[in-house]
Amino acid sequence: MEIDFGTLLIGSITVAICAIPFVLTIGSRKKREKQMMKSLQTMAAQHNCQIGQREFCGNYVLGMDKTDRFVFFHQAIKEQTKERTVDLMEVAACKPMNIGRKIAGERVVERLGLEFVPTDKDTSEIQLELYNNDHSFQLRGELQSMEKWTRLINDRLKRLQPTE
Numbered sequence: 019m020e021i022d023f024g025t026l027l028i029g030s031i032t033v034a035i036c037a038i039p040f041v042l043t044i045g046s047r048k049k050r051e052k053q054m055m056k057s058l059q060t061m062a063a064q065h066n067c068q069i070g071q072r073e074f075c076g077n078y079v080l081g082m083d084k085t086d087r088f089v090f091f092h093q094a095i096k097e098q099t100k101e102r103t104v105d106l107m108e109v110a111a112c113k114p115m116n117i118g119r120k121i122a123g124e125r126v127v128e129r130l131g132l133e134f135v136p137t138d139k140d141t142s143e144i145q146l147e148l149y150n151n152d153h154s155f156q157l158r159g160e161l162q163s164m165e166k167w168t169r170l171i172n173d174r175l176k177r178l179q180p181t182e
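Letter by letter, the sequence shown follows residues 19 to 182 of our numbering.
To be clear, the hints were calculated from the coordinates, so they are not data collected in a lab.
Some clues are possibly wrong.
Claimed, not checked - Listed below are the simulated DSBU-like cross-link pairs for lysine-lysine, each with C-alpha atoms no more than 35 Å apart in a straight line: (1) 139 <-> 48; (2) 166 <-> 176; (3) 120 <-> 166; (4) 96 <-> 52; (5) 84 <-> 120; (6) 139 <-> 113; (7) 84 <-> 100; (8) 113 <-> 49; (9) 120 <-> 139; (10) 52 <-> 84; (11) 56 <-> 120; (12) 48 <-> 113; (13) 100 <-> 113.
As the list claims (entries may be wrong) - Cβ-Cβ distance ranges computed for the label pairs, FRET-style: (14) 51 <-> 87: 20 to 26 Å; (15) 177 <-> 152: 32 to 38 Å; (16) 159 <-> 26: 22 to 28 Å; (17) 84 <-> 133: 21 to 27 Å; (18) 96 <-> 41: 19 to 25 Å; (19) 49 <-> 98: 14 to 20 Å; (20) 124 <-> 39: 29 to 35 Å; (21) 84 <-> 31: 47 to 53 Å; (22) 28 <-> 119: 47 to 53 Å; (23) 126 <-> 43: 25 to 31 Å; (24) 126 <-> 38: 34 to 40 Å; (25) 37 <-> 72: 25 to 31 Å; (26) 39 <-> 111: 41 to 47 Å.
Quick caveat: nothing in here was measured; it's all calculated off a predicted structure.
C-beta atoms are modelled at their ideal positions from N, C-alpha and C, and glycine is treated no differently.
All chains should be built: construct the whole structure from the sequences, respecting the hints.
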């Protein structure tokens with residue numbers, strides 16, 4: 019069976035056209051992650067820290083310094099960025115924030131996040147919003163990320179708090 023040059027050329031062009039969107043999407047995501055990581059490292063440097071554990075998910079990155087004392091958060095939604103640093107020495111607990119409502123008998127998630135309860139009762143709680151259905155219509159691992167980081171942070175808090 020012989021394939022003529024024209025068929026080979028058309029087949030190659032078709033494959034290239036189909037592959038280009040995937041290549042561009044992956045490249046764009048990697049570039050965005052690199053920019054977010056650079057921002058996270060800048061935040062950490064301001065507190066004389068280095069990022070240890072980190073996680074990219076959706077439009078945010080969460081990181082914890084190597085001494086487990088600070089949590090860093092960077093979120094980029096369109097042209098707006100949010101950055102937050104949480105000192106775990108000032109936090110009593112971390113709670114998952116899962117806000118939703120029922121529509122036609124189905125529970126719809128509206129917002130997900132991490133809520134830090136301060137040790138000082140006069141200080142307000144710190145909230146890091148990981149997902150908001152106003153900005154994104156589909157969950158992309160934010161629920162699992164919220165659960166993972168709640169466990170991770172509470173484990174670190176147990177080690178940081180003095181034993182009585």
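We went through each hint and held it up to the structure:
{"no.": "1", "hint": "139 <-> 48", "result": "violated, 41 Å"}
{"no.": "2", "hint": "166 <-> 176", "result": "holds, 16 Å"}
{"no.": "3", "hint": "120 <-> 166", "result": "holds, 25 Å"}
{"no.": "4", "hint": "96 <-> 52", "result": "holds, 16 Å"}
{"no.": "5", "hint": "84 <-> 120", "result": "violated, 41 Å"}
{"no.": "6", "hint": "139 <-> 113", "result": "holds, 16 Å"}
{"no.": "7", "hint": "84 <-> 100", "result": "holds, 22 Å"}
{"no.": "8", "hint": "113 <-> 49", "result": "holds, 31 Å"}
{"no.": "9", "hint": "120 <-> 139", "result": "holds, 33 Å"}
{"no.": "10", "hint": "52 <-> 84", "result": "holds, 19 Å"}
{"no.": "11", "hint": "56 <-> 120", "result": "violated, 39 Å"}
{"no.": "12", "hint": "48 <-> 113", "result": "holds, 30 Å"}
{"no.": "13", "hint": "100 <-> 113", "result": "holds, 20 Å"}
{"no.": "14", "hint": "51 <-> 87: 20 to 26 Å", "result": "holds, 24 Å"}
{"no.": "15", "hint": "177 <-> 152: 32 to 38 Å", "result": "holds, 36 Å"}
{"no.": "16", "hint": "159 <-> 26: 22 to 28 Å", "result": "violated, 41 Å"}
{"no.": "17", "hint": "84 <-> 133: 21 to 27 Å", "result": "holds, 24 Å"}
{"no.": "18", "hint": "96 <-> 41: 19 to 25 Å", "result": "holds, 23 Å"}
{"no.": "19", "hint": "49 <-> 98: 14 to 20 Å", "result": "holds, 18 Å"}
{"no.": "20", "hint": "124 <-> 39: 29 to 35 Å", "result": "holds, 32 Å"}
{"no.": "21", "hint": "84 <-> 31: 47 to 53 Å", "result": "holds, 50 Å"}
{"no.": "22", "hint": "28 <-> 119: 47 to 53 Å", "result": "holds, 52 Å"}
{"no.": "23", "hint": "126 <-> 43: 25 to 31 Å", "result": "holds, 27 Å"}
{"no.": "24", "hint": "126 <-> 38: 34 to 40 Å", "result": "holds, 35 Å"}
{"no.": "25", "hint": "37 <-> 72: 25 to 31 Å", "result": "holds, 30 Å"}
{"no.": "26", "hint": "39 <-> 111: 41 to 47 Å", "result": "holds, 44 Å"}
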